[in-house]
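A.B. asks: We have chain A already, so just place chain B on it with the hints.
Residue numbers (this note's numbering), protein chains in the order written: chain A, 33 to 531; chain B, 60 to 548.
Hints in this document: simulated from the structure, not taken from any laboratory.
Backbone N, C-alpha and C define an ideal beta-carbon position, used for all residues, glycine too.
Worth double-checking, as some hints may not be accurate.
[Unchecked claim] Label-pair ranges, simulated between beta-carbon atoms:
{"id": "1", "chain 1": "B", "residue 1": "543", "chain 2": "A", "residue 2": "441", "range": "35 to 45 Å"}
{"id": "2", "chain 1": "A", "residue 1": "87", "chain 2": "B", "residue 2": "508", "range": "57 to 67 Å"}
{"id": "3", "chain 1": "B", "residue 1": "325", "chain 2": "A", "residue 2": "100", "range": "57 to 67 Å"}
{"id": "4", "chain 1": "A", "residue 1": "236", "chain 2": "B", "residue 2": "522", "range": "29 to 39 Å"}
{"id": "5", "chain 1": "B", "residue 1": "450", "chain 2": "A", "residue 2": "418", "range": "14 to 24 Å"}
[Said to hold, decoys possible] Computed footprint of chain B on chain A; a stretch qualifies when at least three of its residues, placed anywhere within it, have a C-beta under 8 Å from a C-beta of chain B:
{"id": "6", "region": "299-312"}
{"id": "7", "region": "395-404"}
{"id": "8", "region": "488-500"}
{"id": "9", "region": "504-518"}
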Amino acid sequence: MIKLSSAISITLCILSTLTPSLAEQKEPLAPAANATAATNGIYSSIVRIEAATQVPNYREPWKAGNFSGGIGTGFLIGPNKFLTNAHVVSNARRLLITVHGSPQKHPARILHIAHDCDLALLEVEDFTPFEGLEHLEIGLVPKLESQVRVIGYPVGGNRISVTRGVVSRIDFSTYSHSRADQHLVVQIDAAINPGNSGGPVLQDGRVVGVAFQGLRSADNTGYMIPPPVVKRFLKDIEDGRYDQYVDLGISEFTLFNPAMRKKFGLEANAPGVLVASVMPDGPCDGVLEDNDILTELNGNAVDAAGNVLIDGEKVNMNEIVERKFAGDEIKLRFIRNGKTMEKTATLKPFPPAKMYSVQYGVAPRFTTFAGLVFQPLDRNLYAAHSFKNTRVRRLFVHYIDEAIFKERKDIVILTRILSDPINTHISNHTGKAIESINGEKVTSLDQVHALLNPEETPEFFVIKCEGLARPIVIPSNKAKEASERTMRNYGISTPYRLK
Amino acid sequence: MKPFLTIITTLTLAITAQVMANPNIKDSLVRVNSTQQRWNTSQPWDKLAPSSRGALGVLLENKHILTTAEMAANSTYIELENADSTRTLPATVVAIDYESNLALLAPGNGNAESFFSALQPLALGKPAKIGDQVDVWQLEDNGMPLITKATIQGADIVSSFTRGHYFLTYEAKGSMQSATSSFALPVIQDGKLLGMLSSYNSKDQIIDIIAPEIIAAFLADAADDDYQGFPSLGIGITNTVDPNFRLWLKLPEDMGGLYITSVRKRSAAEKAGILKGDVLLAIEDKVIGRRGYYDNEKYGRLFWSHLIRGGHQVGDEIKITLLRDGEKKEITAELTRSGKKLIPNHMHDQAPNYLVKGGFIFQELSATYLEAFGSDWRSKAPLNLLDAFINPEDYEEGRNKLVFLSATIPTPATTGYERIRNFIIAKVNGQEIADIASLIKAFETPDADGLHTIEFTDGQPKIVYLDANTSDTIDAKLLQRGIPALSRQ
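Here chain A stands alone, though its shape is the one from the complex (with noise of 0.2 Å):
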């Protein structure tokens, strides 16, 4: 399910360790080097992933980012396939595997990664130090106060820890990688730190969690992706192509309101949920509207609270929708002024959703025009300026509800205004969005460079921006040198990057 409000805070941490000191990074010598299966048994199998990392800089987009690094834990599944956490792998440069009292570094690669659920695929280049060591298998979802350890290399040393601890809740919640999806997660009460990241939960000598965040202000609360969302990720892989997350694309009201359901004439008890607003262009969009109920969703009935009734547990109808993929349908039975109806909803990707996600290993886009420096609006640049235009707050609220992307590829944001003699008068206009330039509405940042580099130049360029009534004005003749000067003076290697 992917959440569109922006408001989301975030108390959930990453437990993946950054940047280890020194010291830690020194690998102990006293192990033997041909350590096998034999004597460490499953621990050979839970590997230690060390990642050097470039991290985009979204406040001056030309430049290369921030060369940092953390360590993880990663989990050998089959041949040549270690499960780990996305978080530990994003924006990497190079990845190392170590096998537990094995010195020896292993260059690995991603084969697959998925933001959404937080879960990625790595591969070895060489497969043959690895060859016979146990594959952990996938259990079920474990039962709630049942006992699971959990085996990871957390921060405080460099070998392997291992704790204990019992499942207190399972619920649906948000993954705080991309900040905007909700999934299935099993709460436990073991002492998960940084680098137990991406690490396995056992029970039974089964898989059955993966280590993913923690929260920051409660002690021994650990989370971790209970296996439907790492089986999910396999299945959608098998394809060789990781095709994320569908969703139906409707928000939901609960029908609680006894005059509200006088209206509806819906009896005390009868099942449905109000469908409060359907997304533009989603999966049901055409096929529900505003106002519908609906009561059943392939075959499950939907209650007041829009839980549906899954191996005898309530969890929230979205949870029959996530375990779909592409291309799937929904059977929906709904009641419309009164009529019972049924229909079919094919899921479907949701690209605009990407406003919202926290996005990994793209290197941002941006334009600079005469010291002006443009950028698309996502979450990562409202992350990196916090913005505090109304306008700006609104246009990203709203983006996908009020359909404001049909019109708008991307919102470009005047982020920065770099002084030069060409456009030092200009005040007020950082941090809004751009309206139109030379009188055309702005709909994408390519447009946007297209309209600043015309073939046949303009008097001037006139920007203007949203909710600002006094443009922009560069004269053209003198915005190409303007542009060379802000480029040296500010040390610009790159004065644009459309994709």
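C.D. replies: Just chain B now, kept in the frame of chain A:
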């Protein structure tokens, strides 16, 4: 003999001068003690806890006392007290101007004759010059005057009490000390009232003084029963310093000018035909510079708005010179009061309108409501309400005020609606909602099933229903539980 006589004469003169300067002024000063109370924005039927403040007022002709609007606004009780605290008298507000921060009080019920018997009215003096020395008067607890000398360093257009309203203000340098009744103080020059101290910055030791021109205009307006207030033109502006911008506007180098970014609806500017995008070059032949300053014969460079608010009354006609599409244009504008706003800038002395229905609390949006979200209300207040505040023109059609659902009291009628708040109302029972009065009327006609239909302009869900009978029962209970009235309009 002759030299001796001369000396005596000078001495006498000197003594009279001092007698005239000090005791007379003290006889014109009155302590103003005000108890003020604002309304609670989240529970609009309640008032917040009262607070008290004291200031000095100046006795003018007709037993009128001048003080600042900040002292009189939201007052529940104003009391006058003489310097040595032997007599008190209740007072009423004759005229109050929140924009210029001035208020005129008159004696209320009580023995006015005895209160005023020992007091002398003070006359309003002439404008001061930069460099003049003035006296700021305070009174100690024991009634002794405490006089601070200050030097006027400059004149500027400053906003003191109401955000966005700027008036001529002297800025004087002087080191003041704490004393009772110092919330507003008279400033005296040559034995006459020069102005009212509206604020003191202890760090920079700068005293802001409301200028005599503004006080004179306020008093002239307040002389009749119908107080109108200061006129306005109704435009938003930005400077034209940027040479590229000037080139595009075809503004010649020898001209100044302000770029007009907005023209308020129903304003004097709109009626006079001023358009967004025009350049304001001069008012009454006073040439306005690139940053908006003009040459004032008394004070040097002053901000252009003083040409509107400094010496004019509502109804005055003024000559305006504009540049439109590179061509000069002269027009005449008749100054008006700024019209009623969809979202009022302040709610002083006004109880907020509201309606409680079945547990839903509906209100009319004001800046005061948004400001209650704290000092960083511009980022903390609900985004949709902020948007309406910043872009009211998008919401004006069919509305006098912006009615919104401010909160939901959990009741049997609002089960399942507990989290609904800060949604703007479009229609109730099919009727468009222009203000609380029309909302109350719309709730009189539920549908045949006995349900009220409430439609929002934003928010999810877009429509909710309320059972008419249940909500009436609950309204009765809410009254029993202590809400004094279910609505105010």
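A.B. asks: Compare the structure with each hint and give your call.
C.D. replies: Hints, one by one, checked against the model:
1. One distance hint, 35 to 45 Å for the beta-carbon pair residue 543 of chain B and residue 441 of chain A, is violated here, with the actual separation near 54 Å.
2. At about 59 Å, the beta-carbon gap between residue 87 of chain A and residue 508 of chain B stays in the expected band of 57 to 67 Å.
3. Separated by about 59 Å at the C-beta atoms, residue 325 of chain B and residue 100 of chain A satisfy the suggested range of 57 to 67 Å.
4. Take residue 236 of chain A and residue 522 of chain B: their Cβ atoms lie about 52 Å apart, and the range 29 to 39 Å is violated.
5. Distance hint for residue 450 of chain B and residue 418 of chain A: a CB-CB separation of about 22 Å, consistent with the stated range 14 to 24 Å.
6. Beta-carbon proximity to chain B at under 8 Å applies to 3 residues in the region 299-312 of chain A; the threshold of 3 is reached and the given coverage holds.
7. Requiring three or more residues with a Cβ within less than 8 Å of a Cβ of chain B, the coverage given for the region 395-404 of chain A is violated, as only 0 such residues are present.
8. A count of 4 residues in the region 488-500 of chain A with a Cβ less than 8 Å from any Cβ of chain B is obtained; the coverage claim is therefore met, three being the minimum.
9. Given a C-beta distance limit of less than 8 Å, the hint that chain B covers the region 504-518 of chain A holds, as 4 residues qualify and 3 suffice.
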